[in-house]
Amino acid sequence: MIVFDTDIVTLISYGRNAKLRQRIESVGNDEDLAITIVTHMEILQGRFDSILKAASEGELLKAMERFRASRSMLDSFRLLEIDDVASGHFAGMTQSKKRPKMKRGDMLIACIALANDALLVTRNEKDYKAVNGLRVENWAD
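Going by the numbering used here, the sequence shown runs without a break in its numbering and finishes at 259.
Honestly, the hints are just simulated from the structure, not real lab data. Built from N, CA and C at the ideal position, the CB exists for glycine as well. Incorrect hints may appear among the rest.
Pairs of lysine-lysine, PhoX-like flavour, derived with a Cα cap of 20 angstroms [to be verified]:
{"id": "1", "residue 1": "Lys247", "residue 2": "Lys221"}
{"id": "2", "residue 1": "Lys219", "residue 2": "Lys244"}
{"id": "3", "residue 1": "Lys244", "residue 2": "Lys216"}
{"id": "4", "residue 1": "Lys244", "residue 2": "Lys221"}
{"id": "5", "residue 1": "Lys247", "residue 2": "Lys215"}
Computed Cβ-Cβ distance ranges for the label pairs, DEER-style [claimed, not checked]:
{"id": "6", "residue 1": "Asn256", "residue 2": "Ser194", "range": "17 to 25 angstroms"}
{"id": "7", "residue 1": "Ala258", "residue 2": "Asp193", "range": "19 to 27 angstroms"}
{"id": "8", "residue 1": "Gln163", "residue 2": "Gly210", "range": "26 to 34 angstroms"}
{"id": "9", "residue 1": "Arg189", "residue 2": "Val145", "range": "29 to 37 angstroms"}
{"id": "10", "residue 1": "Glu149", "residue 2": "Met182", "range": "30 to 38 angstroms"}
{"id": "11", "residue 1": "Ser214", "residue 2": "Lys180", "range": "20 to 28 angstroms"}
{"id": "12", "residue 1": "Glu143", "residue 2": "Leu197", "range": "30 to 38 angstroms"}
{"id": "13", "residue 1": "Glu183", "residue 2": "Ser205", "range": "34 to 42 angstroms"}
{"id": "14", "residue 1": "Asp235", "residue 2": "Glu143", "range": "17 to 25 angstroms"}
{"id": "15", "residue 1": "Ser205", "residue 2": "Leu179", "range": "33 to 41 angstroms"}
{"id": "16", "residue 1": "Gln213", "residue 2": "Lys180", "range": "41 to 49 angstroms"}
{"id": "17", "residue 1": "Arg141", "residue 2": "Asp235", "range": "26 to 34 angstroms"}
{"id": "18", "residue 1": "Glu143", "residue 2": "Ser205", "range": "31 to 39 angstroms"}
{"id": "19", "residue 1": "Ser174", "residue 2": "Asp235", "range": "42 to 50 angstroms"}
Please put together the full structure from these sequences, using the hints given.
In structure tokens:
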């Protein structure tokens, strides 16, 4: 299984990164492409914010169109939620004396990827380097 971090999903939505597109196209049909509930929330939160901040009818309609497009794109991936195994990784990370210094969202993404024995694809490899056992690759740069 391959899990895309939020930054990668954003690049996919732009459709302008040829290297990333080629790498994704080379993935076999037997491999699941997934996102975490955290990425799902982060992407849609940005779209919700755009809807709420719209100052005109045109901006509102455009924001709603982008929300729908983002939701459709997100639905094309398998959605991984926080389960007992991921929450166990979370407990281990947060209770450890050697707790990785990372944002909570990144930590949750790492826990979900670990729980699913998945490869995490991100441009922010440094954000995840302290997580033991996590496989990380950058397909965009």
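Results for each hint:
1. Lys247 <-> Lys221: Answer holds: Lys247 to Lys221 is near 13 angstroms, not above 20 angstroms.
2. Lys219 <-> Lys244: It holds: about 11 angstroms lies between the C-alpha atoms, which stays within 20 angstroms.
3. Lys244 <-> Lys216: Distance of about 17 angstroms is within 20 angstroms: holds.
4. Lys244 <-> Lys221: holds, 12 angstroms
5. Lys247 <-> Lys215: holds, 17 angstroms
6. Asn256 <-> Ser194: 17 to 25 angstroms: holds, 21 angstroms
7. Ala258 <-> Asp193: 19 to 27 angstroms: holds, 22 angstroms
8. Gln163 <-> Gly210: 26 to 34 angstroms: holds, 27 angstroms
9. Arg189 <-> Val145: 29 to 37 angstroms: Violated, since Arg189 and Val145 (Cβ atoms, about 23 angstroms apart) do not stay within the stated range.
10. Glu149 <-> Met182: 30 to 38 angstroms: Holds, since Glu149 and Met182 (Cβ atoms, about 33 angstroms apart) stay within the stated range.
11. Ser214 <-> Lys180: 20 to 28 angstroms: violated, 45 angstroms
12. Glu143 <-> Leu197: 30 to 38 angstroms: violated, 22 angstroms
13. Glu183 <-> Ser205: 34 to 42 angstroms: holds, 36 angstroms
14. Asp235 <-> Glu143: 17 to 25 angstroms: Cβ of Asp235 to Cβ of Glu143: about 23 angstroms, so the range 17 to 25 angstroms holds.
15. Ser205 <-> Leu179: 33 to 41 angstroms: The hint (33 to 41 angstroms, Cβ to Cβ) holds, given that Ser205 and Leu179 are roughly 40 angstroms apart.
16. Gln213 <-> Lys180: 41 to 49 angstroms: holds, 45 angstroms
17. Arg141 <-> Asp235: 26 to 34 angstroms: violated, 20 angstroms
18. Glu143 <-> Ser205: 31 to 39 angstroms: Hint holds: Cβ distance 34 angstroms, inside 31 to 39 angstroms.
19. Ser174 <-> Asp235: 42 to 50 angstroms: holds, 48 angstroms
Checked against the numbered hints given earlier, the structure breaks hints 9, 11, 12 and 17 and satisfies all the rest.
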